[in-house]
Amino acid sequence: MRIEILDMPLPVAEVMAELRSGPDGAVCVFDGIVRNNTRGRQTLHLDYEAYREMALDQMRQLASDAIAKFPIRDVALLHRLGRLVVGDTSVLIVVASAHRGAAFDACRWLIDTLKQQVPIWKKETFVDGAVWAAGEPFPAPLAFTHDPR
Amino acid sequence: MRVNVLYFGVLKDFFAAEQEQIELAAGAFVADLINVLRTRAAGESAIWTSLAVAVNREYASASVPLHEGDEVALLPPVSGGTDAH
Chain A
1 MRIEILDMPL
11 PVAEVMAELR
21 SGPDGAVCVF
31 DGIVRNNTRG
41 RQTLHLDYEA
51 YREMALDQMR
61 QLASDAIAKF
71 PIRDVALLHR
81 LGRLVVGDTS
91 VLIVVASAHR
101 GAAFDACRWL
111 IDTLKQQVPI
121 WKKETFVDGA
131 VWAAGEPFPA
141 PLAFTHDPR
Chain B
1001 MRVNVLYFGV
1011 LKDFFAAEQE
1021 QIELAAGAFV
1031 ADLINVLRTR
1041 AAGESAIWTS
1051 LAVAVNREYA
1061 SASVPLHEGD
1071 EVALLPPVSG
1081 GTDAH
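The listed protein sequences derive, respectively, from chains A and B.
Position 143 of the first sequence, counting from 1, maps to 143 under our numbering, and the rest follow consecutively.
Take the position in the second sequence, starting the count at 1, then add 1000; the result is the number in our numbering.
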């Protein structure tokens, strides 16, 4: 497993090349990039920040869970922080597997789950203002609720 | 006892701090800390219905007990990776 949070451009080609191995029949890559707009507002840049230690713990756990849950051989999960501009890679997920179905499934599960529970946030700066991106609601087991006791 | 509270994302802007020490009664739970912080921002109900709390870097429910020196993070809904749409 290769799990990293970096303050520099992600080494996409290097990670893709190093993950492949003899038993693999498929390497599935999700390269998440900064788009030039959000709901029609023109994006200038995004600033990503993280609760870094916890985010790394969560990313390691997600990678381990993916390997336990899907018949895949190896996973790389990298996220970039700091100021990113249109076209930059913010998140890179690479899954190596003997068969393509599991590689696709695991890759999809990893990005969907990362976006719900890894503590990383982005502030979006548009040509006409800036906002913290509205995140997805936390899954019920993680959300804070005033439970009775 | 004192705990170290960390704020992230929109909460960092809202509390105008990245972290602060909060004094709590011995035996306090996560819920008690949130109640203390809530009194400062009672009108901002959206914040308090969508957050998660981590104690020492693990997600924690309201009934988790706190201890001297704990690191308690208030986490707004996360927005890493790329957009949902």
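Derived from the structure by calculation, the hints contain no laboratory data.
Be aware that one or more of the hints could be misleading.
[As the list claims (entries may be wrong)] Calculated cross-link-like contacts (lysine to aspartate or glutamate; reagent style EDC-like; alpha-carbon spacing at most 16 angstroms):
no., chain 1, residue 1, chain 2, residue 2
1, B, 1012, A, 47
2, A, 123, A, 47
3, B, 1012, A, 112
4, A, 123, A, 136
5, A, 69, A, 112
6, A, 123, B, 1013
Hint-by-hint comparison with the structure:
1. B:1012 to A:47: Given that 16 angstroms is the threshold and the Cα spacing comes to 14 angstroms, the pair holds.
2. A:123 to A:47: Satisfied, since the Cα-Cα distance of roughly 5 angstroms is no more than 16 angstroms.
3. B:1012 to A:112: 25 angstroms, violated
4. A:123 to A:136: 14 angstroms, holds
5. A:69 to A:112: 15 angstroms, holds
6. A:123 to B:1013: It holds: about 11 angstroms lies between the C-alpha atoms, which stays within 16 angstroms.
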